[in-house]
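Undergrad: What follows is the residue order along each chain.
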Amino acid sequence: MTHPVLRLENIVKTFPGVRALDGVSFSVLPGEVHALMGENGAGKSTLMKVLGGIYQPDSGNILMGEDKAVMSGPLDAKSKGIVFIHQELSLAEELSVAENIYLGELPRKSLGRVDWAKLSEQTNAILEKLNVGFDAKTRVGDLSIANQQMVEIARALTVNAKAVIFDEPTASLTDAEKVVLFDVISDLKNEGVGIIYISHRMEEIFKITDRITVLRDGQYQGTVNTAETDEEAVTQLMIGRKLDLTRNASHHELGDVALEVRGLSCGKLYQDVSFELRRGEVLGFYGLVGAGRTEIAETLFGLRDPSAGQILLDGEEVRIHSPADAIAKGISLVPEDRKGQGLVLEMNCRDNMTLPQVDDLKAGPFVAEGAEVAIFDQYRDQLDIRTPGWKQKAGNLSGGNQQKIVIGKWLSMHPNVLIVDEPTRGIDVGSKSEIHKLLRKLAAQGYAVIVISSEMPEVLHVSDRIIAMYSGRIMRTFTSDEVNEDNLIQAISGLGSNEAA
Amino acid sequence: MAALSKAQIGPILAKQGILIAFAVFMIAFTIASPKFLSVDNVFSVVRSSAILGVMALGVTFVVISGNLDLSVGSMMSFSTIVVLDLHDKIGPFLAIPAMFAMTLALGAIIGFLVGYLRLNSLIVTLGMLSAIHGLTLTYSGGQNMDIADKEGTWFSVFGQGTALGIPVPILIFAALAAFLGLVLGKTAFGRKIYAVGGNDTAATFSGVRRARTVFNCYLISAACVATAGLIQASRSLGSQNTVGQGLELEVLAAVILGGASLLGGSGTIFKTVIGVLILGFIQNGLLLLGLQFYVQFVVTWVIIILAVWLDIAAKRGKLWSPIA
Ligand SMILES: Nc1ncnc2c1ncn2[C@@H]1O[C@H](COP(=O)(O)OP(=O)(O)OP(=O)(O)O)[C@@H](O)[C@H]1O
Ligand SMILES: [Mg+2]
Chain U
4 MTHPVLRLEN IVKTFPGVRA LDGVSFSVLP GEVHALMGEN GAGKSTLMKV LGGIYQPDSG
64 NILMGEDKAV MSGPLDAKSK GIVFIHQELS LAEELSVAEN IYLGELPRKS LGRVDWAKLS
124 EQTNAILEKL NVGFDAKTRV GDLSIANQQM VEIARALTVN AKAVIFDEPT ASLTDAEKVV
184 LFDVISDLKN EGVGIIYISH RMEEIFKITD RITVLRDGQY QGTVNTAETD EEAVTQLMIG
244 RKLDLTRNAS HHELGDVALE VRGLSCGKLY QDVSFELRRG EVLGFYGLVG AGRTEIAETL
304 FGLRDPSAGQ ILLDGEEVRI HSPADAIAKG ISLVPEDRKG QGLVLEMNCR DNMTLPQVDD
364 LKAGPFVAEG AEVAIFDQYR DQLDIRTPGW KQKAGNLSGG NQQKIVIGKW LSMHPNVLIV
424 DEPTRGIDVG SKSEIHKLLR KLAAQGYAVI VISSEMPEVL HVSDRIIAMY SGRIMRTFTS
484 DEVNEDNLIQ AISGLGSNEA A
Chain V
332 MAALSKAQIG PILAKQGILI AFAVFMIAFT IASPKFLSVD NVFSVVRSSA ILGVMALGVT
392 FVVISGNLDL SVGSMMSFST IVVLDLHDKI GPFLAIPAMF AMTLALGAII GFLVGYLRLN
452 SLIVTLGMLS AIHGLTLTYS GGQNMDIADK EGTWFSVFGQ GTALGIPVPI LIFAALAAFL
512 GLVLGKTAFG RKIYAVGGND TAATFSGVRR ARTVFNCYLI SAACVATAGL IQASRSLGSQ
572 NTVGQGLELE VLAAVILGGA SLLGGSGTIF KTVIGVLILG FIQNGLLLLG LQFYVQFVVT
632 WVIIILAVWL DIAAKRGKLW SPIA
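Those protein sequence lines, which keep their order, are chains U and V.
Using this note's numbering, the letters of the first sequence correspond one by one to residues 4 to 504.
Using this note's numbering, the letters of the second sequence correspond one by one to residues 332 to 655.
To be clear, the hints were calculated from the coordinates, so they are not data collected in a lab.
Computed from a predicted model, the values in this text were never measured in an experiment.
Every residue, glycine too, gets a C-beta built ideally from N, C-alpha and C.
Any given hint might turn out to be false.
[As the list claims (entries may be wrong)] Cβ-Cβ distance ranges computed for the label pairs, FRET-style: (1) A432/V with K365/U: 28 to 36 Å; (2) R449/V with K271/U: 22 to 30 Å; (3) K121/U with Q576/V: 47 to 55 Å; (4) I362/V with S62/U: 42 to 50 Å; (5) R111/U with S379/V: 54 to 62 Å; (6) G398/U with F356/V: 42 to 50 Å; (7) F624/V with A374/U: 36 to 44 Å; (8) A436/V with G144/U: 55 to 63 Å.
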């Protein structure tokens with residue numbers, strides 16, 4: 004019998020108003036990939052933060068080998084061989100990739116001078132292993148979110164790890180990047196490292212993990228061998244019911260063209276983009292990170308000036324100078340980076356949700372707080388947002404619940420054109436299918452919806468038409484009848500025919 | 332089990348630290364000097380804090396929006412000198428609005444530079460501190476400014492008058508605090524200030540016009556400074572060019588003491604008022620103990636450091652931590 008690298012016993016952790024962990028036990032064997040699953044707010048990240056020394060448990064023990072261990076802080080945990088790759092990125096944007104990876108442990112020459120040559124060399128060796136397209140000297144702030152994630156992962160490879168925690172590492176990775184990540188995980192595994200893997204993506208869980216432990220509302224639900232279970236059983240364990248995955252395929256009539264884009268270009272970011280979006284339609288944008296999808300959304304939302312082309316709303320040409328402008332014209336954008344662009348983390352949930360319409364919710368000279376609470380309650384119920392109340396700071400919510408606040412914020416604007424960029428990043432399976440249904444329902448009600456996603460099943464599932472982009476250009480537009488995984492992949496890798504050509 | 336463990340005391344101390352420290356101060360002073368808590372003394376503390384307090388109200392807006400205003404001291408000197416000068420030239424009735432307009436213009440310049448051009452507020456207002464000082468000296472020719480007929484003007488009412496037995500400066504401070512408290516806490520504009528200070532990218536993505544919001548905060552700060560200058564001028568009816576010198580730091584101390592974070596996004600008018608009073612009582616207590624008035628410069632600095640430390644400690648939940 005192999006001994007676990009580490010064991011957590013009866014961990015309890017409470018926050019004001021929330022029992023985040025209620026006597027949870029969990030263990031990892033050497034050389035195993037152990038999945039930790041559960042709905043948004045189930046307590047996964049909290050459990051790992053206890054293990055990583057970020058939170059002290061109210062009660063319960065951590066055992067490494069036979070001995071009780073106390074993780075007095077993140078550095079202590081790291082020195083004990085526990086490496087934590089966080090759900091929310093924690094990199095120093097102004098520093099280079101190399102400095103971030105070796106922060107606190109930079110190689111030194113005499114007199115404490117940093118050995119830059121050695122630093123670059125070591126870093127590039129790791130980056131090569133990860134097969135990424137940037138080098139040691141790149142400034143982290145210049146990298147995409149996906150690449151920043153890779154830097155976090157690179158950081159983990161520098162320590163002599165006993166256990167590595169991945170908290171939703173793939174939430175912002177593309178398929179190609181995922182392959183690299185899985186290789187890294189399999190290498191670690193072969194070296195006998197215990198791996199804890201948190202994700203809401205079932206395919207991944209079944210592809211790479213050996214065992215699955217499920218939490219629900221802070222309580223331990225059980226541990227199963229991956230080989231002996233299936234998605235349905237795990238989902239049942241997670242949410243306590245079966246999931247309805249059928250697509251709301253009701254083919255409602257499409258309305259007028261709500262948005263038309265003609266020959267839109269923005270410098271090198273994207274060129275000559277044209278499309279139409281009708282009321283009642285969900286238009287998917289699929290492509291690799293860097294294909295220009297987010298930049299198009301940002302242009303439509305007034306965050307970037309196009310260098311050429313026209314935007315027409317309801318048949319009339321418009322110029323959109325700022326987000327305030329876009330909002331006034333009935334455009335909403337759920338941005339891709341919830342922490343940076345979506346939320347004011349220090350502000351409470353209600354105020355975050357009503358921020359775009361705070362000028363319109365008036366009771367005399369003041370904000371109508373009652374109306375705000377009503378809006379919050381409506382979307383809390385509709386999106387199943389788990390929080391002790393609207394007064395909770397948005398930053399205290401679990402990652403998935405934060406995302407739902409952002410979605411609620413923009414739905415509550417009742418926009419003419421709703422753009423969602425990676426709408427279900429970090430959202431659990433149950434809520435994800437709810438959000439997909441919601442997007443379909445909104446379309447059926449006559450909303451015009453644009454969905455940008457790097458998850459192929461998601462785009463395939465919700466879209467009426469799909470635009471495939473590659474390197475700033477539209478390669479092809481598919482209807483939902485003609486699209487399949489193969490021709491879609493072909494189109495976004497630049498292999499298909501270029502429509503515009 | 333009965334005793335609190337060290338781990339439990341830490342967070343309590345950190346969270347309530349400033350109030351505990353204040354309570355200890357108050358008790359110590361009351362024992363040391365029986366006059367300390369007398370009605371007369373309390374009134375005099377609040378009255379002498381009113382000028383600082385009015386300025387702190389405006390700076391609270393600026394700090395919550397994520398910026399600094401180090402120019403308020405020299406701007407206050409400017410307002411005071413200008414209104415005293417104009418008092419004799421065009422009469423108090425016109426002098427007051429004219430002075431407000433000029434001070435607001437200075438606020439608008441700062442607001443434009445920090446809000447619309449996105450220049451660093453520390454640099455801009457530090458520069459303004461000295462630029463406005465130069466402006467004041469140019470205006471006055473370096474001379475002290477005095478009203479000719481000190482007995483016969485109604486202008487003295489703002490600094491020396493009383494209504495219902497309460498000194499007018501206290502009434503102005505209280506009314507302005509109530510009004511601005513509502514603006515900040517209850518209006519859409521106030522909400523947007525918190526959003527901009529908390530995360531200006533997310534605020535922009537939510538349709539908040541960042542530049543305009545920051546601009547307005549500096550206008551409010553300037554209006555408060557003008558009001559403070561009015562009280563100051565009316566109280567003394569004559570002034571040096573440097574009457575506001577150094578006030579910017581005391582004002583900032585009061586705001587931070589009240590718990591507004593220098594990173595922006597948090598703080599309230601109510602807390603700032605508490606901060607102003609704490610600072611006022613401590614300085615007054617030191618005087619009653621017979622310490623020289625310049626000791627308070629050092630003490631004020633110590634208080635700022637203490638306040639900032641406790642603020643950070645409260646966020647971390649411990650007094651000391653190797654990571655942020
Ligand atoms: N610092 C905190 N203060 C207050 N409550 C918190 C804090 N951190 C977490 N919580 C609460 O604890 C619960 C568990 O959160 P946790 O982040 O562990 O969820 P999770 O399982 O990781 O969810 P997700 O899949 O959305 O990431 C949530 O209800 C959350 O709101
Ligand atoms: Mg989490």
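Undergrad: Give a verdict on every hint.
TA: For each hint, the structure was consulted:
One distance hint, 28 to 36 Å for the beta-carbon pair A432/V and K365/U, holds here, with the actual separation near 30 Å. About 24 Å separates the C-beta atoms of R449/V and K271/U, a value consistent with the hinted range of 22 to 30 Å. Separation of K121/U from Q576/V is about 53 Å and conforms to the stated range, judged on CB atoms against 47 to 55 Å. Checked against the hint of 42 to 50 Å, the pair I362/V and S62/U passes, with Cβ atoms roughly 43 Å apart.
Restraint check, R111/U to S379/V: a C-beta distance of roughly 55 Å satisfies the suggested window 54 to 62 Å. Distance hint for G398/U and F356/V: a CB-CB separation of about 33 Å, inconsistent with the stated range 42 to 50 Å. About 52 Å separates the C-beta atoms of F624/V and A374/U, a value inconsistent with the hinted range of 36 to 44 Å. With their beta carbons about 37 Å apart, A436/V and G144/U fall outside the hinted range of 55 to 63 Å.
Consistency note: the structure conflicts with the earlier hints numbered 6, 7 and 8.
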